[in-house]
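Q: Since the structure of chain A is provided, determine the placement of chains B and C on it from the hints.
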Amino acid sequence: MAEKESKESRYEAGFGSNAKKEPVRVVFVTRKTSAKVVGDIGPRLMTYPHLLIREAIVFMILVISLVTVALFWDAPLEQLANPLLTPNPAKAPWYFLGLQELLHYFPPLVAGIIIPTLVVIALIVIPYFNINIEGAPLWSGNAKRTLLMFLAVVIALTMLLAAFRAWTVLAPTDLVALLMLASYHGSAERRAGANAFWRRERTLPWWVMTWFISVAVVLTVVGTFFRGPGWSWVWPWSSHAG
Amino acid sequence: MTDANQVPPVQAPSDLPTRLIITRREFLNDAAGLALGIAGIGSLVVTYGYLSPNVLFEPPTTFRAGNPDLYPSNSVTFLEDQQVYVVRTENGFYAVSAVCTHLGCVTQWKPDLGQIACPCHGSKFKSDGTKIEGPAPRPLPHFAISLTADGELQVDKLEVISPGQALKA
Amino acid sequence: MANSFTIAPALERLRATRVWKSVFRRGPALTNRTRSLAVFGNLFLHFLPVKVREKSLRVRASYYVGSISFLLFIVLSVTGVLLMFYYHPAVPQAYRDMKDLRFVVSNGVFLRNLHRLAAQLMVLAVFWHMFHVFYRGGYRPPHEFNWVVGVVLLLVTLFLSYTGYLLPWDQLAFWAITVGTNIVSAMPLIGRRVRFVSLGGNLVGENALLRFYVLHCVVLPLIAVFLVAVHFWRVQKDGGLTVREEDGGKGK
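Chains as they are written, first to last, in my numbering: chain A, 1 to 242; chain B, 1 to 169; chain C, 1 to 252.
With the rest of the complex left out, here is chain A (with noise of 0.2 Å):
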């Protein structure tokens, strides 16, 4: 195989083959992806039947659970709506009863529109952002000035939190940024190519992610169980709320 080193290396070599027997493409690696081509891409199926059937046999057992659950279960229907009586508390469903909460915190503009808005554009323009493909584990690179542009950030972001009394915000932020640093100082053990779940290294995207979800969980969670009327603070073993 053709070796070709430019001045940068913006190359590497790839796999050697026997050509004849199998031809295989010549593989440029260069910085912006991250394409480690560790085999071929396995064995394949004919869709007919094997991916149909397997369709099928979820769309049973889902159509079976469904249905045992919906004969026990049943929906609610409260009273007439009454444009004259605003009930106590008044609750969004549950997919945006985390936006209620934050909406506890924030004014109206923030919480409802500049967040959301935020949110999914964020979440749309995560595949154009290199940061996003190459996947570098957060701790390469210089770790240190890392460690500092994060704890800086961390900092600032509590305070804000803080300053606007948005506890249930802050409590999983720091959480998560209390991981991350844990995170930090493992990492030259870690180096050694570890696999368990909670030794790999972990990139920035990641990290991001994992603290949105868990952000979004606890609110969702304290929407739920932790507020009654007024949006006060309830525990949920003594209101009965649910």
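None of these hints come from the bench; they were simulated from the model.
Beta carbons are placed, not taken as given, at the ideal position from N, Cα and C, and that holds for glycine.
Restricting the straight-line Cα-Cα distance to at most 25 Å, the calculated cross-link-like pairs of lysine-lysine (DSS-like) are: (1) B:Lys126 x B:Lys157; (2) B:Lys131 x A:Lys91; (3) A:Lys91 x B:Lys110; (4) B:Lys124 x A:Lys91; (5) B:Lys110 x B:Lys131; (6) B:Lys168 x B:Lys126; (7) B:Lys168 x B:Lys157; (8) C:Lys99 x A:Lys91; (9) B:Lys124 x B:Lys110; (10) B:Lys110 x B:Lys126; (11) B:Lys124 x B:Lys157; (12) C:Lys51 x C:Lys237.
What follows is a set of in silico ranges between Cβ atoms, one per label pair, in the way DEER data are often shown: (13) C:Leu227 x B:Gly164: 49 to 59 Å; (14) A:Thr146 x B:Leu51: 47 to 57 Å; (15) C:Phe44 x A:Leu147: 52 to 62 Å; (16) A:Leu157 x C:Phe110: 44 to 54 Å; (17) C:Leu11 x A:Arg202: 47 to 57 Å; (18) C:Leu155 x A:Thr68: 25 to 35 Å; (19) C:Arg96 x B:Leu79: 21 to 31 Å; (20) C:Ser22 x A:Leu204: 52 to 62 Å; (21) A:Thr146 x C:Tyr63: 28 to 38 Å; (22) A:Leu151 x B:Ala39: 53 to 63 Å; (23) C:Asp100 x B:Ala39: 41 to 51 Å; (24) B:Glu26 x C:Pro142: 28 to 38 Å; (25) C:Arg60 x A:Leu204: 19 to 29 Å.
A: Okay, now just chains B and C, sitting in the frame of chain A:
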């Protein structure tokens, strides 16, 4: 664009600026594009107009609130179907909106606490609409209140007035 | 068993008829060629590739959450259409129809339960699917556009759930939508107008119910169907489902 049929730009006489030379094809293409653009934007505007109703079957926003003597002095009366509080103080009458300025829930008057409270996120207001606490961004608005010719109170919910005024009646 | 002796040859005779052959032209799917045709030559199935990677079929690869999202959509469409036969999008008739479905209509309560349950699960499934694709790196080139289509589908799903939430016209529905549309009016410049057009008025009333009904039953499902078709098609055209690195996939 490598269109083999494309006519090479015409060479202008030296005293004319070349920018002004346009081929017939370019002109027609631009005109067609402009026409389609107008049609497209026009469709959107017309659709938006179609979707905005001109006639609404909602309750009238100006209503009568009865004779002033019905209201005891220093009281707050909640008119349920209009979502308005009629407040009578020593200075006179004023009408305060009962719709919370945060997210539109209907508030409740709590006489023992002397406050207007919103059940949704815990905003609290005084009987003149000023905010005591909570996430509501603005105080409750005051509506124009007047006397009709036959001496009844009348409130116009479309006309918001600045607080501090009271109707003497 | 007597059945297996009489049904199979009868089926064979049926398959040999002219009528059958004019409808199903490929013949029994016993060779790889006819199996390819079963997928490639079928209007509904040709979104799928003819061959799939064996590793991507494993349950632990994705727990099939993407498929589950789509299958839930099918369940919702079927139950939804059935519910439409008894539901009038009018105030206060809508609420009475909900009561009818519960107490009067045969299996009405079951169908409504199924519809609502599938709706909640579908929102959960699409979120799970999105997070799974993210952590698997399935958004990397050449799959970027498909990821964007997926995010738009997530918004369509949330919007479908939200418009459907109003339809029972009970206190829960009414106030959830009141709060939501008041948030919309907080948008600068266009907020009040967007709220006015979505509700068809200044209040949440009969116009709002009808508009949400049309969005929920016609507009959004059509958009969803088109986008789902694009989503499946792009999976195939972009090179198939992403497989984990341990299973021979690319990247990290």
